[in-house]
Amino acid sequence: MTHGNDTGNKQLMEKYLGLAQPDDGIMCEYIWIDGTGEGIRSKCRTVYEEPKKPTDCPIWNFDGSSTYQAEGSNSDMYLYPCAIFSDPFRGGKNKLVLCEVFKYNKKPAETNRRKSCNEVMERAKATVPWFGIEQEYTLLDYDGHPFGWPKNGFPGPQGPYYCGVGANKVYGRDIVEAHYRACLYAGVQIAGCNAEVMPAQWEFQVGPCEGIKMGDHLWIARYILHRVAEDFGIVVTLDPKPMEGDWNGAGAHCNYSTEAMRNDGGVKEIEKAIEKLSKHHVRHIKAYDPREGKDNERRLTGHHETSSIHDFSAGVANRGSSIRIPRQVAEDGKGYLEDRRPSSNCDPYAVTEVLVRTTVLDE
Amino acid sequence: MTSRVVSGETDKSVMQRYMTLPQSSDAVMVEYFWIDGTGEGVRSKGRTLSTEPKKPEDCPVWNFDGSSTYQSEGTNSDMYLVPVALFRDPFRLGNNKLVLCEVLKYNKVPAETNNRHTCVKVMEKIKSTKPWFGIEQEYSLMDGDGYPLGWPKNGYPGPQGPYYCGVGSNKVFGRDIVEAHYRACLYAGVKICGCNAEVMPAQWEFQVGPCEGIEMGDHLWAARYLLHRVAEDFGVVITLDPKPISGNWNGAGAHTNYSTEAMRKPGGLAIMEEAITKLSKKHDEHIRAYDPNQGADNSRRLTGRHETSSIKDFSAGVANRGASIRIPRQVAEDGYGYLEDRRPSSNCDPYSVTEIIIRTTLLDE
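One line per chain: the protein sequences are C and Z, in this order. Quick note on numbering: the first sequence equals residues 1 to 363 in full-length UniProt numbering. Quick note on numbering: the second sequence equals residues 1 to 365 in full-length UniProt numbering.
The hints are simulated quantities; they were obtained by calculation from the structure and are not laboratory data. Virtual Cβ for every residue (Gly too), placed ideally from N, Cα, C. It is possible that part of the hints are untrue.
[What the hints assert, rightly or not] Here are the computed distance ranges between Cβ atoms for each label pair:
| hint | chain 1 | residue 1 | chain 2 | residue 2 | range |
| --- | --- | --- | --- | --- | --- |
| 1 | Z | 335 | C | 73 | 16 to 26 Å |
| 2 | C | 173 | Z | 5 | 44 to 54 Å |
| 3 | Z | 14 | C | 298 | 45 to 55 Å |
[Said to hold, decoys possible] Residues from chain Z that face chain C, not an exhaustive set, calculated with beta carbons under 10 Å:
| hint | residue |
| --- | --- |
| 4 | 18 |
| 5 | 19 |
| 6 | 192 |
| 7 | 328 |
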């Protein structure tokens with residue numbers, strides 16, 4: 001049975017998507033972060049030549065009073081294109097354009113965390129910082145209950161689901177597969193994916209990305225995820241604790257290294273970085289979800305492979321600590337560290353910026 | 001779980017076999033479409049021509065039964081269709097065409113809802129001023145039972161806030177129709193320049209422009225025809241009603257962006273301000289021209305809330321979405337550009353709207 005907004009017949013779409021498109025009629029979807037700091041919005045415009053770089057796309061504007069970003073009496077806000085990707089939904093020369101939001105007075109909007117992140121990455125660029133984020137998320141059915149779970153009920157306890165295979169182990173693999181292919185097509189640096197511990201929970205990884213690219217690529221990967229799921233009539237939530245009780249939450253573990261950490265003897269640099277991080281736990285927690293820690297409180301309990309939100313800890317191969325050093329890294333004496341604290345709904349610009357400020361800029 | 005209501009659903013894959021039958025080059029299908037007696041309904045019928053038309057005049061003048069479209073009496077029902085704008089047909093493909101027509105009565109006088117006739121004369125008169133228009137057409141998608149697509153039956157979605165430009169199947173309903181429509185317009189040659197999800201769930205908007213003079217009305221009517229046809233393919237209904245759901249839900253408008261060459265040049269802001277002053281003196285006349293029922297439709301929408309101005313008062317302001325006329329902030333900064341008249345209803349006739357804007361601001365009528 002189709003549900004309420006399903007216009008069914010995706011085959012019908014093929015007919016329209018197959019229509020010849022004029023060379024001077026290219027569709028650009030402008031994408032931005034709204035006033036919640038986690039919601040994504042987008043709208044489309046026709047451009048008359050294929051853009052090759054973000055600055056080929058005109059600066060645009062939108063009604064900020066409809067996105068929790070401005071008052072109605074002074075609602076115009078600006079969209080500044082900063083990254084372009086191929087459009088996996090429309091194909092051809094059509095593009096997805098990630099934008100920074102500026103207020104009417106040209107100051108960055110409150111949830112525009114990219115501007116300061118970019119400045120920090122510029123200052124630290126000689127250290128060649130690389131990031132990889134493991135984005136966890138949960139699929140929900142149209143009624144808000146996790147996809148594939150029995151209605152008015154729960155599946156069997158966690159255990160068999162992580163990286164599982166089988167129709168009683170994983171739910172919604174089609175969305176994950178479609179998303180991966182769409183990201184590859186778009187030019188997003190997607191590095192992997194797997195089924196997660198809670199059934200209907202999944203993870204994909206984006207990276208390695210240098211500097212500002214981490215935030216750019218993750219936000220586009222999130223947009224693509226919501227759009228793909230929309231196509232299937234399923235909802236994606238990035239809530240860090242969608243189901244209370246003995247069910248895993250969702251994080252965005254952030255893997256991080258500088259060139260020095262990646263070179264021989266780098267484990268010393270990693271330990272220095274961890275030392276600095278241990279002194280700024282509260283500041284980092286505030287940067288690791290859009291509500292300055294309130295969202296993460298429900299998730300970072302010390303159970304379910306999380307560290308407690310109150311304490312900072314670090315350890316080799318320890319999934320219960322704030323920072324985990326992968327065992328392989330400990331053996332090689334070089335590599336990267338994994339900060340397990342960021343919430344699944346974090347802003348990657350805020351996360352990567354504070355990591356660099358603390359460990360490289362000593363701020 | 002909610003379910004769809006689709007009347008008269010047929011298997012689209014069966015169509016494929018027929019739509020791919022070879023078509024000989026001396027049998028071209030041309031769909032004539034026109035505005036009916038309501039001033040907002042669109043009608044169409046097709047005929048075969050023996051050569052591919054390249055301009056509207058290549059299509060013969062035709063006629064139809066006006067007593068079946070609220071346009072004439074049965075005893076004297078023939079009305080004329082005069083082709084005025086030609087487009088490629090995105091449904092039939094190949095050399096097939098869509099042709100927009102003006103309607104004339106039996107005595108060759110324009111039909112009551114043929115507002116193009118006077119509009120084209122006005123545009124001709126002032127063509128040296130190069131008036132450009134862009135219209136933001138808002139509309140709502142309805143299921144077969146007349147209730148908005150995706151809304152829970154016997155209920156309401158969560159309050160407005162997350163839906164505008166939204167992404168996700170709990171944020172927007174019916175994106176397929178919007179995408180299909182955009183591609184159909186590009187193919188047909190309609191000047192579609194953007195689209196977005198709107199504030200009320202199942203409400204959308206597309207923009208047509210920039211169009212000079214009479215082209216605005218022609219392209220918007222063609223875009224509307226395509227929208228109704230695409231939605232029909234998907235079993236969904238389009239409404240251009242300006243306030244489809246009463247209460248704390250946005251209405252739908254057709255904000256009209258307008259400029260002359262003088263406004264688009266440095267110092268143009270002063271010309272725009274003169275135009276706004278003239279508009280402020282003709283508020284009631286404009287309101288009467290901005291929906292097919294002399295303002296009765298718009299009175300349900302222009303309340304002063306939900307990003308509208310009140311129907312009773314005229315106001316103007318920079319970046320102010322509660323004003324009758326909004327000057328975009330970028331325009332105020334640059335000192336030239338265009339103004340946005342936010343008053344026209346979603347079901348307005350763009351010929352009436354563009355004509356009265358020209359009469360007031362350029363012809364001082």
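What are the numbers of the hints that this structure violates, sorted from low to high?
2 and 4
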